[in-house]
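Based on the sequences and whatever the hints tell you, model everything.
Mapping of the sequence shown onto mature numbering (1 follows the signal peptide of the UniProt record, and there is no 0): residues -23 to -1, 1 to 184, in sequence order.
It should be emphasised that the hints constitute simulated quantities derived from the structure, not laboratory data.
DSBU-like mimics (lysine-lysine), calculated; alpha carbons at most 35 Å apart, straight line:
| hint | residue 1 | residue 2 |
| --- | --- | --- |
| 1 | Lys111 | Lys31 |
| 2 | Lys118 | Lys31 |
| 3 | Lys118 | Lys149 |
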Amino acid sequence: MCSPLRTSSLALLLSLLTAMFRPEDFDHLCSTEVRLEQPSHSPSRTTTFVLDDKLSEEYQTMTQEEFHDIGHPFAALKFSCRNLLNPTQQGFIRLYYQIPIDGTISHSPQVRAQQALTQHTHAEVEALISLDHKNCTAVPKLLGYGNRVQGVEDYAPGGYINYVAWTRVAGKPINSVSYWGRDLAYREEVRSAFRAAPFVYPKRATT
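Rendered as structure tokens:
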């Protein structure tokens, strides 16, 4: 039987190994200032938002084999945020952050940099930008979006970071798990809301 000291040491070792092979803490990003490109209807080109509280942190991890077959592993982080110059403008922001392949986070930055994908935009970001261009009222108002390349000290040096921010709205958010986990009647209700929402297309300039 292990002594309490040896049991405690083993637990510490396992926790360290878990932390090495799977980044699980992005709390240090709180209070970070992020410059975002503005939506199509905004008169200004960029606005700075401040990350406040971290609300969720999810991971799509991958083995070496999965990396070659289906793409790159990433973390999806959700924060509350506010406009730096206009704190009354509050919203949410999601960061898609490329992370290393399972088992490689303890490798040198030079080795992890070989996994880097500099250019990549996640589907949620593309969808919100597209719906914003069409002035769709069935989704929250887009506050801004952006991309950045990770630095040498980040998890995947040279890898991508996607940002997308939107206004706070009443109700509960729907994700793929909650959507597909409900019955057909509920899913049809959601689809009907999108079909009923007006799309206001901007007028094309005439020559």
